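Chemist: In case you want the letters, here they are:
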Amino acid sequence: MNPRPDPSELTAPDDGIARGGVLLDVKNVSLSFGGVKAITDISLDVLKGEIRAIIGPNGAGKTSMLNVINGFYTPQEGTIVFRGRERRSMKPHQAVGQGIARTFQNVALFKGMSTLDNIMAGRSVRMKRNIGWQMLWHGPALREEIEHREKVEEIIDFLEIQHIRRTPVGKLPYGLQKRVELGRALAMEPTLLLLDEPMAGMNLEEKEDMSRFIIDVNQQRGTTIALIEHDMGVVMDLSDRVVVLDYGKKIADGSPDEVKNNQNVIDAYLGVPH
Amino acid sequence: MFYRTAGQFKSSYEADHALFPVRQDAILLGVILVFAFIVFPVTASEFTFRALLIPVLIYSLAALGLNILTGYAGQLSLGTGAFMGVGAYACYKLVSIFPEMNIVVAIAMSGFFSAAIGVLFGLPSLRIKGFYLAIATLAAQFFLVWLFQKWAWLYNYNASGAIQVPNIDMFGITVAGPRATAMTQYYFVLCVVCVITVFAINITRGRIGRMWKAVRDMDIAAELVGINLMHTKLMAFFVSSYVVGIAGALFVFMWRGAAEANLFDIPLSFRVLFIAIIGGLGSILGNFLGAILIVALPVIIGSVPQAFGIPVDSAMVEHLNIMIIGALIIAFLIIEPHGLARFWAMIREKFILWPFPH
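Protein chains in written order, with numbering that gives the first Met the number 0: chain X, 0 to 273; chain G, 0 to 357.
Wrong hints could be hidden among the right ones.
Stated by the list, open to error - With a cut-off of at most 25 Å between alpha-carbon atoms, the simulated DSS-like pairs for lysine-lysine come out as follows:
# : chain 1 : residue 1 : chain 2 : residue 2
1 : G       : K128      : X       : K150
2 : X       : K110      : G       : K128
3 : G       : K128      : X       : K90
4 : X       : K127      : X       : K206
5 : G       : K92       : G       : K128
Unchecked claim - If you want the footprint, here are the derived chain G segments under chain X, 3+ residues with CB under 8 Å:
# : stretch
6 : 201–207
7 : 210–217
Simulated from the structure, these hints should not be mistaken for laboratory data. In this text the structure is predicted, and so the values were computed from the model without any measurement. Think of the CB as a built atom: it goes at the ideal place given N, C-alpha and C, for glycine as much as any other residue.
Kindly generate the complete structure, drawing on both the sequences and the hints.
Modeler: So this is what it looks like as structure tokens:
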């Protein structure tokens, strides 16, 4: 009855990879569901400390790519090297153990729980006291609870959601739910943070707030971020490098300016007469 | 008026994590405990003990066990009655094989048998959810009751096929069997229920409780925050079946005194499920409120009209009882799926704000 991954995997933020070194290397990955090819032979790398954007039209395979990275899908071909360790398939909870956290396109919060509990749940894997101590509550279990509560309160302060601490997240407006979800991902203290459309359905002000949080996370905490986003203004301003997918294939990869002027990308987004 | 929270400030996270953030709640609980430990035993008659107090506590405990599984971890189960049976038969065998064993130890150990069986029948939950899982636990219900009937070793090859609780002493006092007094048994059950309730509160408000609720609310997201679904679900089955098993052992040893296999059949499972639903899924308090309602209802129907001079025969009481419980369940599912516990929460909220409407 020990539902936690090996603690040694958790406490290794310093993995010998310098800032700018390759943190995640996806090599020649292909993924198909029956006859449908979601991803065809894509290679991409994420460097430590950067903000990496994955863009492309609908159905290009962006979300599938994130699902492959955090172990939700197992690709039929190709390998993934994360922090110098190669793996073909893993369970999502093992990916968490290695330091990968993510948010979802359509918010996936625990609706019946408060904001505080949602973010605390993000720290479950870091809490160690077993059911015996939990039953007694006072003593080690309470100390641990408070220690993690302090970390969670830092995140709550950072995301400016103090006022909704006790509110069940099901009752929150969409923009705040997205923020709570980011908070839950941050509570896992990830090395690599995957954001699936963090600004979908937000108004301008909420987008600006979210952009600010993403930049702060990246710069203050040194978290590497890979994000999917449809708002080109946001993508071009935020990211260091951009990879463009279309129909499951990689069509461009480079700095925002390079990508912006790439003919394939313009064709994919605007369409070309055949 | 009573619930003034003004002036109660939290200056540490420890204070914020306290069981009763509002002082009046602690006072209220203290009053209830005084009633449970002193006032009721002093005033209650033998009939009150047997028909109300003891069954309320035992059903509360069984519902608490089910609530851990269904209300907290979100795994629907219809096998509660059979798991209670496992606890009861395990306790019976332990007492007959080791007659000198302390009854508290025997009851605590019998919980582990039902927990093991619960985990075994919880294995399908790794693949199936919701109604399909309910059907899988229904299989446990039918299989186990069949086993209780057919496996004569379980009831010591008794010609009647029933288990009879022998007289059991603890520290010179008879606590179970025909010679035990209702008051002793009431105190015994009350202590066990208090201890397990405290443990259950502590588990559900900490890390494990959050993990269960995460699995209940969105299992995919739970997996992606690093929660191992298999371990978490099976742990819920383990803890839940343990508590249910204890409730089953108390059910036979401290209340019924004897039991046949069909006592643990599906009506018992439904009864416990109704208590959990009416009381409120995902709440500890709800189990007690639900059990009070379900156990007291037939007693009230039987006695109140008679007090007004309206004769009601026992068959009528039974019919009215079934009709009212059925109506209540439908009403609760529609009006307040969170049950009586939510009603109390709303009343409490009003008291705190009183006399202002908002």
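Chemist: Hint compliance check: list the failing hint numbers for this structure, sorted ascending.
Modeler: 1, 4 and 5
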